[in-house]
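Engineer: The primary structure of each chain is shown beneath.
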Amino acid sequence: MTRARRTLVALAAMALAAPACGGGKGADRGAIIEIDGSSTVYPITEAVAEEFQKTGGGRVTIGVSGTGGGFKKFCAGETAITGASRPIKPSEVEACDKAGVKYVELPVAYDGIAVVVHPDNAFVDHLTVAELKTMWAPEAQKTVTKWSQIRAGFPDTELHLFGPGVDSGTYDYFTKAIVGKEHSSRGDYTSSEDDNVLVQGVSRDTGALGFFGFAYYIENQDKLKVVPITDGDAAPVAPSVETVATGSYQPLSRPIFIYVALEQAKRPEVAAFVDFWNEHGGKLAAEVGYIPLPDKAKALVAKRFAARTTGSVFEGKGATVGVSVEELLERE
Amino acid sequence: MSSFTLPEPAARRATRRGSRPGRRSSATPLAEKAIEWSLLACGLVSILTTLGILAVLLVEAVGFFEQVSLADFLGDTEWTPLFADKHFGIWPLVAGTFLTTGIATLVAVPFGLLAAIYLSEFAPQRARRVLKPALEVLAGVPTIVYGYFALVVVTPMLQEVFPSLAGFNALSAGLVMGIMIIPMVSSLSEDALHAVPMALREASWGLGAGRLVTIFKVVLPAAMSGIVASIILAVSRAVGETMIVAIAAGQQPRLTLDPTVPVETMTSYIVQVSMGDTPTGTLEYRTIFAVGVTLFALTLLMNVLSRRFVKRFRYGASR
Amino acid sequence: MSVGVPEIRDGASIRRRGRNLGERAFVALSLLAIAIPLLILVGLVAHTLSDALGRIDWDFIVGYPSRRASAAGILPALVGSLWLIGLTALIALPLGVGAAVWLEEYGGRSRLAGFIEVNIANLAGVPSIIYGLLGLGLFVRFLGLDRSVLAGALTLSLLVMPIVIMATREALRTVPGHLREAAAALGATRWQVIRQVVLPMSLPGILTGSILSISRAIGETAPLIVVGALTYMTFLPQDPGDPFTALPIQIYNWVSRPQEAFLVNAAAGIMVLLVTMLTLNSAAILLRNRLQRRIRR
Chain D
1202 MTRARRTLVA LAAMALAAPA CGGGKGADRG AIIEIDGSST VYPITEAVAE EFQKTGGGRV
1262 TIGVSGTGGG FKKFCAGETA ITGASRPIKP SEVEACDKAG VKYVELPVAY DGIAVVVHPD
1322 NAFVDHLTVA ELKTMWAPEA QKTVTKWSQI RAGFPDTELH LFGPGVDSGT YDYFTKAIVG
1382 KEHSSRGDYT SSEDDNVLVQ GVSRDTGALG FFGFAYYIEN QDKLKVVPIT DGDAAPVAPS
1442 VETVATGSYQ PLSRPIFIYV ALEQAKRPEV AAFVDFWNEH GGKLAAEVGY IPLPDKAKAL
1502 VAKRFAARTT GSVFEGKGAT VGVSVEELLE RE
Chain U
466 MSSFTLPEPA ARRATRRGSR PGRRSSATPL AEKAIEWSLL ACGLVSILTT LGILAVLLVE
526 AVGFFEQVSL ADFLGDTEWT PLFADKHFGI WPLVAGTFLT TGIATLVAVP FGLLAAIYLS
586 EFAPQRARRV LKPALEVLAG VPTIVYGYFA LVVVTPMLQE VFPSLAGFNA LSAGLVMGIM
646 IIPMVSSLSE DALHAVPMAL REASWGLGAG RLVTIFKVVL PAAMSGIVAS IILAVSRAVG
706 ETMIVAIAAG QQPRLTLDPT VPVETMTSYI VQVSMGDTPT GTLEYRTIFA VGVTLFALTL
766 LMNVLSRRFV KRFRYGASR
Chain G
1093 MSVGVPEIRD GASIRRRGRN LGERAFVALS LLAIAIPLLI LVGLVAHTLS DALGRIDWDF
1153 IVGYPSRRAS AAGILPALVG SLWLIGLTAL IALPLGVGAA VWLEEYGGRS RLAGFIEVNI
1213 ANLAGVPSII YGLLGLGLFV RFLGLDRSVL AGALTLSLLV MPIVIMATRE ALRTVPGHLR
1273 EAAAALGATR WQVIRQVVLP MSLPGILTGS ILSISRAIGE TAPLIVVGAL TYMTFLPQDP
1333 GDPFTALPIQ IYNWVSRPQE AFLVNAAAGI MVLLVTMLTL NSAAILLRNR LQRRIRR
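Protein chains in written order, with my numbering: chain D, 1202 to 1533; chain U, 466 to 784; chain G, 1093 to 1389.
Since the hints were derived computationally from the structure, they do not count as laboratory data. Even for Gly, the Cβ is constructed at its ideal location relative to N, Cα and C. Among the hints, a few may not be true.
Each pair of labels, with its calculated beta carbon distance range [what the hints assert, rightly or not]:
| hint | chain 1 | residue 1 | chain 2 | residue 2 | range |
| --- | --- | --- | --- | --- | --- |
| 1 | G | 1386 | U | 599 | 20 to 28 Å |
| 2 | D | 1437 | U | 516 | 54 to 62 Å |
| 3 | U | 524 | D | 1500 | 26 to 34 Å |
| 4 | D | 1488 | G | 1233 | 35 to 43 Å |
| 5 | D | 1472 | U | 725 | 53 to 61 Å |
| 6 | U | 599 | D | 1481 | 46 to 54 Å |
| 7 | U | 524 | G | 1331 | 26 to 34 Å |
| 8 | D | 1422 | U | 625 | 27 to 35 Å |
| 9 | D | 1521 | U | 747 | 32 to 40 Å |
| 10 | D | 1472 | G | 1233 | 53 to 61 Å |
| 11 | D | 1481 | G | 1353 | 32 to 40 Å |
Can you make the complete structure from the sequences, with help from the hints?
Structural biologist: Next comes the structure, spelled out in structure tokens:
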């Protein structure tokens, strides 16, 4: 029994000793900048944090609780900055007000939503918003099942739809832009929170059509064919860094944001971090598949943060489709 | 079925409350009492946990039911709280959970029991020492890995056999879940079987019964309490499993028992919404808690019923 | 314990009697039942390993996360997971074994015991994310532990405790009554019977429960995210109050990135996780084997 007991003690010691072997950089914690929020904004936040920490500016930690979860923690005062793939919503505005948390809303990049089909799909060279609406509207459930119902001249191939889950910001924005109302779409499409799964689904199915974030299209261009979109009047535009930044890829471009707590912005490291982001965030966003803000917008954002202008330009009403960042910031 | 029950005095004595052998009065009654109470405190932690969970769930669920009537919740057959056209019928989610859990149980129980019987009754010591831990590794594979395995390997494989199988379906998720919980059935049942005293087996052989007859009529019934406990644990695990179904079973709430189409389970719905974009404090967010309460209630019902069932089978040579 | 009859614990020694067809078929069937899941496991591991093999090197293990897949490493996640496992074991095992001992040895058929039993069976089926929500409300906010390793470990402990309790109970039940009686006859108090006879004999079963529960804890993602585990940090937790991340969270993050190189990272991360789990399991299994050999029935 003593031998067994000794072994047990050894095991326990091992389990506890292992963490202590960590050592390394953790010695001085100093001031930590706590960030949370959307998984869409995360790659940019990570890139900025990585570069910022190389300059010795301070420690950054990032959680990924989702836009909603991020706001909950933000309005409870637990984080300094929260990333959001959509503007703050009324219930969240209320929560922050109640807790006395004031925030500065800063757009940081554009995200394009790419509409893609299988590379061998030869008959689709562009689609109109109206046609997309036919495909995705709630009425289409079980009734619109073939490509021929979308446009005369399309073959009779079965239409298979892929898209993000109903609780994702991308889905929200797409439905608002295409169908006209958030959360309003047919329910019988293949949905997944993981855009990689959607990429796989579309790339294996000749009758498929899907939509997801631009970054996922860019990384998988060899497996997918992107579809230029037109609002009806203008010539069809395919998403690219230029077309999204200049605003010609409409209506499927959306800004993504960070919200900075005013109290926290008083900390020098937090202010330094946000300034660093404004300065270098564009280049880093492009590295990870997002579209940097054009210079004019960038200047307006820097001005907004310098003035610590609080509140949301969206007046807590949620996303607006088809409005550029410059227009919005200039409204103030 | 003529079952073998040892008429040990302990068996009768143990039916009285708290009657385990041991001197009642001792030199340090206070120390004994103190130990008993600290052990009781450990047991009470579970009650506190349940209370905590109920508190967390009910506070928000009450808010939910203020806006959605119980009749809608139990009567509607569609679950679309996140769509513009909202329905709040819970049955599609319950069906999804039931379907995936059922498939998982159908896989885990036969495999697990057969494995346990082999390991306990037929395997040479060396084989047992290797195979039992090998199976236990199955329980430790992270559930995301299983989820992607189901989605990326199992589904395409099954699609060769059933071409009409959808990319997301309950069958792959259920099968993989079943594999994951096999060790719960096999290891715990094997422990129970292994603990049945040799004397019982020898007595049975001595009476002329063959190996298989002995196993099925003597050993298995003697170990039944442990076996059933392991199955209950495994089924509970399957009901509460989140990631595998979230990744591989799909996100379309659907009132169906068809394993070839996408479904959504109660657990994957909870994960989808709590990690998604829904702002907290809204009706949509509160649906998480309504679903959580339902899940809790269903598990409770299942456990109470199975306890009644288990009581009828409890022999146990040590009682 | 049989007296006078030679111990035949080994199924193989029975083979000398010769097996009939029914037995042989049954053995074949049950071997199949073991082989199939194991083959699937091997297939799964091999599939991951082939992706991961090129990627795992010392830099990967001691590196920190990065936006560049080739520079990204897994150290904070690995250390975080080890912290979590260590703390969870320290908390859940004593509490779980204690509760099981009370239920089995003191509680008997009382109503309180029955109530606790139903509770535990129920808790085993609560989805892990609900434990996350509980942990957030209770440990992080109410007890003010903030988003620390301790809060994460406490949450995981609640999650795995039902497994420990149920497995330990079954282990305690396997101790034959006459051994308890013999000890009592020699004058032992109830606690002495438990400590010196029952617990040592049921240690193998308790270890099984520990193995299963730790395996469960190490792979959990959702409850940790809700409690506040991070996805990105470039330092290591130094004490239980520090923020943390964990292997499954890092893996989940990499798996959903568009760049294919991150998928390779994810596979490498999975291998690290599996190896860590195997190491912990093996230690416990070795111990269990050694203990079981000593126990004669």
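Engineer: Against each hint, give a clear statement of whether it holds in the structure.
Structural biologist: Now for the hints, and whether the structure bears them out:
no. : hint                         : verdict
1   : G:1386 to U:599: 20 to 28 Å  : holds, 23 Å
2   : D:1437 to U:516: 54 to 62 Å  : holds, 60 Å
3   : U:524 to D:1500: 26 to 34 Å  : violated, 46 Å
4   : D:1488 to G:1233: 35 to 43 Å : holds, 37 Å
5   : D:1472 to U:725: 53 to 61 Å  : holds, 56 Å
6   : U:599 to D:1481: 46 to 54 Å  : holds, 51 Å
7   : U:524 to G:1331: 26 to 34 Å  : holds, 32 Å
8   : D:1422 to U:625: 27 to 35 Å  : holds, 29 Å
9   : D:1521 to U:747: 32 to 40 Å  : violated, 20 Å
10  : D:1472 to G:1233: 53 to 61 Å : violated, 28 Å
11  : D:1481 to G:1353: 32 to 40 Å : violated, 22 Å
Comparing the model with each earlier hint shows violations of hints 3, 9, 10, 11; every other hint is respected.
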